[in-house]
Amino acid sequence: MRFLVAEDDFGSRRLLQALLREWGTCDVVVDGEEAIEAFRLAWEETAPYDVLFLDIMMPRMDGQTALKRIREIEREIGIEELDQVPVVMITALEDPKNVIEAYYRGGAASYIVKPVAREDIETQLMKLGLISG
Amino acid sequence: MAGESVLIVEDEPIVVLDMKSRLRKLGYQVVADARTGEEAVSTAKELRPDVVLMDIQLEGEMDGIDAAEEIRHQIDAPVIFVTANTDDETRARAKTSQASGYILKPFNEREIEVIIEMALSKHQADRELRRSREAALKAVKAQNEFVANMTHELRTPLNSIIGMAELLRSRIQDREAGEYLDILRQSSTTLLSIINGVLDFSKVEDGKMQRHERRFDLPALLSRVLDQVAVQAANQGLRLECELSPDCACELWGDEHKLQQILVNLLSNAVKFTEEGRVRLVVRRARHKGDNAPAGESASGLSAVSALSAASAAPVFEFEVSDTGIGIPAAQIEEVFRPFAQMNQGSTRKQGGTGIGLTLVREMVEVMGGTIELQSDLGAGSEARVRLAFNTVADPHEHRLHAALPERITSLHLLSASPGRIRHLAEWCELWGVAFTGHDSKEAILQALQTARPGAVLCLETGIPGYEALRHELQCGVGRESADGAGASPVLGVVTIRSIERDDRSRSFPACGNTRSVLEPLRVEQLRNVLTGLAAEHDTKESNHDREKHDRRSQHREGGRNDGLSDKAYAEGRLLRAFLEAAGRDVEWLSGDRIDSETLAPVVKRFRAAAENEGLSELSEHLFRLMIALRRDDNQTVRRLLQYVERLCDEMVDD
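Which chain is which? The protein sequence lines are B and W, in order.
The numbering used here numbers the first residue of the first sequence as 1 and each following residue consecutively.
The numbering used here numbers the first residue of the second sequence as 1 and each following residue consecutively.
Don't read these hints as lab results, they were simulated from the structure.
Be careful, since some hints might not be right.
[Claimed, not checked] Each computed EDC-like pair below joins lysine to aspartate or glutamate, with the alpha-carbon atoms no more than 20 angstroms apart:
#, chain 1, residue 1, chain 2, residue 2
1, W, K605, B, E45
2, W, K122, W, D76
3, B, K127, B, D83
4, W, K25, W, D50
5, W, K605, B, E37
6, W, K208, W, E145
7, W, K605, B, E44
8, W, K272, W, D227
9, W, K95, W, D126
10, W, K203, W, E153
11, W, K45, W, D66
12, W, K272, B, D9
13, W, K272, B, D8
14, W, K605, W, E618
15, W, K45, W, E70
In this text, all values refer to a predicted model and were calculated from it rather than measured experimentally.
When you get a sec, could you build the whole thing from the sequences and use the hints?
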């Protein structure tokens, strides 16, 4: 599996990278703008990501905005709604406003509240049908 | 009127009788009458009337105004003056005595009723206000106590997290596991300082912040301070500089902990709000009035110094933290000291934080009896200047510092981007009687080496523009030729100045004698020891030269890398070097505006794949981001990442 992680905190980034290694390879970027570009690059190289993990609070461009842009790009290149890449939002605050926004407007698959544990990721990947229990 | 109880204080019996009958008619209950002030106070204490009608002129020591004061103090009842006396002085005294009413004799029933009712209701409202204020103060106090207790509770487990991570660190050989532990330690230290900040803040709110003075070593404190911010600065590709005046390299008496927090707060703020460039800490003795002040020094600054030193008779030290960051709009300079203020909010805010850092800094500076000034140009950086008086502790090592260097060292050549550093080293060399030249470019220092006498020592500040290229040339043996053409290098050794401690595998300069590194802040004692050590090593090496050469050769044959480096680190070093070669290391990445992304992109891509294959995740991550930044024409990020890769390479052993 190929993952993309967008997370500005160094430690959290390394943690996700180390955890995700169990299930596949992982590219990491530090803000929403870089995430969009990485998403584009993956499509150009015909090796799109299987899951995106986006931190909500990031410099330059936050996770919400990046998610919306990514959905736009998907529409532009003619991807059906069913084939959209699953996106897991990561947040330090259990803030319903942010999470609801991501769910309904951006089409996030789900969210994880920090601190991220191995089980959280496993659960998400199982829910997405990417791994079996 | 609900039959409130009234105490009448009046020395004229006829007036008392008249008042009693009128008040009763109005429905009040007259509980007693008193003739003198003293009697009034004791009766009021005993009977606790709802309201007191008080004549001002009374027989005896205590007049009505004094008695009213005492009654209000004792039983908190409203007092209304009833008097025929209307002279200005009495009226003024009555006004300031917080009387609840004032009525002139003779009065009619309606008047007295209105005044009593108003006094009662106003008094009631005042009492409620006072009570809720007291309750609020109590609640704040309780909350502060709660925060203080809570932070203590949080600190306890955190201390063992940090402590255990440290213990484990020394036992971990695996590079990746070691890196995870470093992150663990770094993050928990960050958490600890946030908690400490909150704790200090609750002390400020409670007015409990105190000074704890003891003897401390200023350069050692500065090392710890820089250590705390160095990693963050390095991650952002910032240069972290420190200039310590020679006359500040000493032991002081004062609140070490607060000074450390002040500096860490200011420096981490500076790092937080700077995207590109440098953060600098300058420590010097503040000049007094009458000394030669440099042009541009503000008059207010000087008077602040004289006021400070006059107050304490101790020397004043100036700590200046400057950055090349985003700056603060002039209108918001005062604002940033307010608690919980952050310049931008929302989910794209770049800088985290609790918003109490600068509030704390100002409080601590004030508790320590110092001053703080903040200057800023929006977009051009900020400068914070803290002045604090400290008594110096006589330094027993001082005579050693003045002692001459070993004769073998003939000159010191410094490459530094910082004029302050050049000035300080020049002062020290003068003290030691050694020739000194300071340079800010690669070309100039190479030139200086061409004409240097044998016994020269090179002192290089790592990470400055031109450093990499110079290092490359020195390793190719440029330093080998001496002025007299004898073939031996004039360079006795190299001292590198680093702002961050990496493993001991500092990069060496085989063509230039031994390499030593010193950490920021550069201390006179430290430098002197390193130089003395270099000279001694050189002497030993001379005598053991042949044997050593032989030893080294056989070591090399036996498998070369016996320096404890893992294969991975070796692979990383090799890959990094190859990458920098392929990307064209002579290109002035750091200053050039034009980045040739078309040439660079495929190189980055190739090496990213290689790094991925070798399992070098950190390097792979950076090269991936470099690919992304090149595609986005984000030159700032490209430069920063290249700089980072270059530094990574610089930290690796190359042979």
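Hint-by-hint comparison with the structure:
no. : hint               : result
1   : W:K605 with B:E45  : holds (12 angstroms)
2   : W:K122 with W:D76  : holds (13 angstroms)
3   : B:K127 with B:D83  : holds (16 angstroms)
4   : W:K25 with W:D50   : holds (17 angstroms)
5   : W:K605 with B:E37  : holds (15 angstroms)
6   : W:K208 with W:E145 : holds (11 angstroms)
7   : W:K605 with B:E44  : holds (14 angstroms)
8   : W:K272 with W:D227 : holds (15 angstroms)
9   : W:K95 with W:D126  : holds (17 angstroms)
10  : W:K203 with W:E153 : holds (16 angstroms)
11  : W:K45 with W:D66   : holds (15 angstroms)
12  : W:K272 with B:D9   : holds (13 angstroms)
13  : W:K272 with B:D8   : holds (13 angstroms)
14  : W:K605 with W:E618 : holds (15 angstroms)
15  : W:K45 with W:E70   : holds (10 angstroms)
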